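Novice: For reference, the chains in residue letters:
Protein chains: 4
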Amino acid sequence: VFLYIPAGPAVDQVIDGLAEKLEPGDIIVDGGNSYWGDSIRRYRRVRDQGRQFVDLGTSGGVSGARNGACFMAGGEAPAIQRLEPILTKLAVDGGYVHAGPPGAGHFVKLVHNGIEFGMLQAIGEGVNLLESYRDQLNTADVLRCWRFGSVIRSWLVDLMEEAYRTNGGLEKIPAFVEDTGEVNWLVDDALHMEVPIPVIAQAVMQLLASRDDQKYWARAIATMRHGFGGHPFGPSEPVAQERREGRIGGFLRE
Amino acid sequence: VFLYIPAGPAVDQVIDGLAEKLEPGDIIVDGGNSYWGDSIRRYRRVRDQGRQFVDLGTSGGVSGARNGACFMAGGEAPAIQRLEPILTKLAVDGGYVHAGPPGAGHFVKLVHNGIEFGMLQAIGEGVNLLESYRDQLNTADVLRCWRFGSVIRSWLVDLMEEAYRTNGGLEKIPAFVEDTGEVNWLVDDALHMEVPIPVIAQAVMQLLASRDDQKYWARAIATMRHGFGGHPFGPSEPVAQERREGRIGGFLRE
Amino acid sequence: VFLYIPAGPAVDQVIDGLAEKLEPGDIIVDGGNSYWGDSIRRYRRVRDQGRQFVDLGTSGGVSGARNGACFMAGGEAPAIQRLEPILTKLAVDGGYVHAGPPGAGHFVKLVHNGIEFGMLQAIGEGVNLLESYRDQLNTADVLRCWRFGSVIRSWLVDLMEEAYRTNGGLEKIPAFVEDTGEVNWLVDDALHMEVPIPVIAQAVMQLLASRDDQKYWARAIATMRHGFGGHPFGPSEPVAQERREGRIGGFLRE
Amino acid sequence: VFLYIPAGPAVDQVIDGLAEKLEPGDIIVDGGNSYWGDSIRRYRRVRDQGRQFVDLGTSGGVSGARNGACFMAGGEAPAIQRLEPILTKLAVDGGYVHAGPPGAGHFVKLVHNGIEFGMLQAIGEGVNLLESYRDQLNTADVLRCWRFGSVIRSWLVDLMEEAYRTNGGLEKIPAFVEDTGEVNWLVDDALHMEVPIPVIAQAVMQLLASRDDQKYWARAIATMRHGFGGHPFGPSEPVAQERREGRIGGFLRE
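Protein chains in written order, with our numbering: chain A, 865 to 1118; chain B, 865 to 1118; chain C, 865 to 1118; chain D, 865 to 1118.
FYI, nobody ran anything at the bench for these hints, they're computed from the structure. None of these values were measured; they are calculated from a predicted model. Hints may contain errors.
Quick partial rundown of chain B residues pointing at chain D, CB under 8 Å, derived from the structure [what the hints assert, rightly or not]:
# : residue
1 : 1015
2 : 1055
3 : 1060
4 : 1069
5 : 1073
6 : 1075
7 : 1076
8 : 1098
Covered by chain A, according to a simulated footprint, are these stretches of chain C (three or more residues, beta-carbon under 8 Å) [what the hints assert, rightly or not]:
#  : stretch
9  : 998-1006
10 : 1062-1076
Listed next, with one range per pair, are the computed distances between beta-carbon atoms [to be verified]:
#  : chain 1 : residue 1 : chain 2 : residue 2 : range
11 : B       : 870       : C       : 1035      : 36 to 42 Å
12 : C       : 909       : A       : 882       : 56 to 62 Å
13 : C       : 1099      : D       : 911       : 39 to 45 Å
14 : A       : 1036      : B       : 1031      : 35 to 41 Å
15 : D       : 885       : B       : 946       : 39 to 45 Å
16 : D       : 1105      : C       : 952       : 34 to 40 Å
17 : C       : 866       : A       : 914       : 47 to 53 Å
18 : B       : 876       : D       : 869       : 33 to 39 Å
For each residue, glycine too, the CB sits at the ideal point set by N, CA and C.
Model the full structure from these sequences, guided by the hints.
Specialist: Now the structure itself:
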């Protein structure tokens, strides 16, 4: 039985409901984005009921579902071996791996998503730089060029180019990024595992920043700066003038 | 001669204008926020003209000017020794240091400003957390408490409390932080010196973020996410609902 | 009853053991670094047993215990009012605040610790810059100067100067920072609360980095760079030469 | 004339040497990693001498040179149009774009390199997480799986898998990343352009961190923490014990 339902207690409920209907040796496959710690727990419960459990991270999005996804499986060898033919077939031209013991499939998927967040933010910053250059650039064509032969060629750059071209730039797109919160788990895992992930953590912070229309931190800083230096509140024309003339903001280059 | 003028070519012009009027042995003191590399260059020119030059970083803001500032001097011993009585007197209860050879005064002041940026951002983030807690907090009183006996007691926390109380919170303060750009030099210096300064650099990035009302990076990420996952543009009510119920965004704690 | 024991299940055990010995109206005060979510849970259990519970964040370290600490209390008004005279007395010249309802004391303490981490890292980066300057600086005297009249004057700068002077610099100190993990909770809280805390999160990452002697991330990057550009493994003398001559690493300033 | 020489004054020398030998209408193409501001300056000088100048960012590394690189050209239309047939041919299956006016080619290449740094660091952090998981993972196979159908499929993930497999993991690779410093320019540009690039800047900081074997920042933090809390220097067995038992470092998950 393949489950593709949102992470959370609903997964437990469905597994409990299935348990009595399944026969010994049946395999429950959780293909959703469950937390790997939950998957280890579920594996144990299902195993104790005489059934098998596989956690199956799935990547590739909507197009992956059509043209070949990437499957990361965690579980014991016997269950995995029975699934393998199905997964290899479902993957089409995509990927498949038996990542490790129970939980490993969802952990590896979570790490994949963390890398994805870092890549998205890096590309987003790059596009921001292109949009802010002193001269008008042929941005859609630049993005297209990067798809072929460059070091950063990737599916995300492919998508960026297509989206940029389809939408005629970024002006009509809201500056707001929603997410479903799983990468928060990864930040927490990294803190437990004592693995520094500065860029992935920063990418998550930026998602929050995209949704932050109050910026209390900036208000707080503005008041302290006003307190010690008499720095003005809000944009200052003299400062902007100095910046335009290159006297502040670093060194003039030309 | 004490100069307190904005950093940039104006400092060179004033020094050139002074050179012919000064007598051998006269000291030119640049008390502004000049770049330390410029100060080394100016020291050499002034020295070659038979005068003396001291770069004098000055901290303490408006109140420092009244009640005692902190002076960080760079220069050769003879010039410094002649200045010392004056600086010690001007400092009142503030601080004074002969930091090192020419340029050291302005470098040390720049490092001071980098630390200041990191502290401001850390306090700003903390205040943001207080403002976002599930229950109403007595924020002004919390800030007051932190001024006495806490590990973070500092002049910036003093200023934060006073500002919070004076303004009745942060609602009326614009979420925009202006700066005069010197810490950009420090980021550049750190890259040259191969010294990682993740928090200071991040604090500078946040100043820029406070002035960024376009967020092209977020638009770019939103289009890529839409491309691979069909993620909706703008806030999503189902996602917000899941977040409120604690099913996403990490783990429920209670 | 004041509890000062490490956060975790031990706090629950002690509270359960006390419950039967205490009389109605007695107050249990948790002065340790418990997680505020646990404190809300404990408050409810203790209340249902007819006793009172106050969560009391305490800052100031060892010297605070002697000369006056900073107390941040969370709880209901009646319990707080009975404690207030004791806390005000214990605080001596330190601070005291009734921060808000149950849990607020420990939350506010946690935020305090997050700010502390950001400040520590900012100062650490600044000291690193001082140690890496081209000329020898009078670092201990610079730190002393910063204690008086500067914008960054603070207890942490006081401690930094004393430690630097006592230890004759930093050479004998291990480059390893241990912590007790509470600020990890704050990072997790911020993700739930959707509050971006880039600098505090980065400061936590740096603690982990200080303990990381494997740097698998750097090994991984080195292999990828070798893959696309033939970049050498390990330090490269030609590159170091270019760096020394200022041809790479940014722009020459002089 | 195509120049492929390291950025810096050598480029100016070669251009000056060529100027008198070239005929009107000849095109000098700088295919190296020059700073775009220098390229604008060189374009003007060459133009005033009656020759043409094109700045040509080139990506793709060693294999790109063989199988098709990605060319990003900046310059005026007439010069570009004459080059286009050559570049299109050289690109083979790679990319080519006329990015914009003089300077745009090198700017766009610089932005490409910034994105590359962010991607490298994100993948590096992900690999670090895989290496640090509680169970042994089939890491090489996981990386292979990510190459097909996943959201993060990219040339860098291809290279990562090949390198991991070739080297039998990462144990034999030095944890040291060298670079040639161009992305430092991009950080400086972003500060001038007021574009926040937190992840790219952080990735650059990490390169520096990989070369930092002194960690003065960590020593400084350790001394301050010792000062206020009596925190021990170096690893603490009681703390490590608490961490192993899950009492610190966040919440236990199982």
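Novice: With reference to the structure, classify each hint as holding or not holding.
Specialist: Consistency of the hints with the structure:
| no. | hint | verdict |
| --- | --- | --- |
| 1 | 1015 | holds (5 Å) |
| 2 | 1055 | holds (4 Å) |
| 3 | 1060 | holds (4 Å) |
| 4 | 1069 | holds (4 Å) |
| 5 | 1073 | holds (5 Å) |
| 6 | 1075 | holds (6 Å) |
| 7 | 1076 | holds (6 Å) |
| 8 | 1098 | violated (21 Å) |
| 9 | 998-1006 | violated (count 0) |
| 10 | 1062-1076 | holds (count 10) |
| 11 | B:870 <-> C:1035: 36 to 42 Å | holds (39 Å) |
| 12 | C:909 <-> A:882: 56 to 62 Å | violated (36 Å) |
| 13 | C:1099 <-> D:911: 39 to 45 Å | holds (41 Å) |
| 14 | A:1036 <-> B:1031: 35 to 41 Å | holds (37 Å) |
| 15 | D:885 <-> B:946: 39 to 45 Å | violated (58 Å) |
| 16 | D:1105 <-> C:952: 34 to 40 Å | holds (37 Å) |
| 17 | C:866 <-> A:914: 47 to 53 Å | holds (52 Å) |
| 18 | B:876 <-> D:869: 33 to 39 Å | holds (34 Å) |
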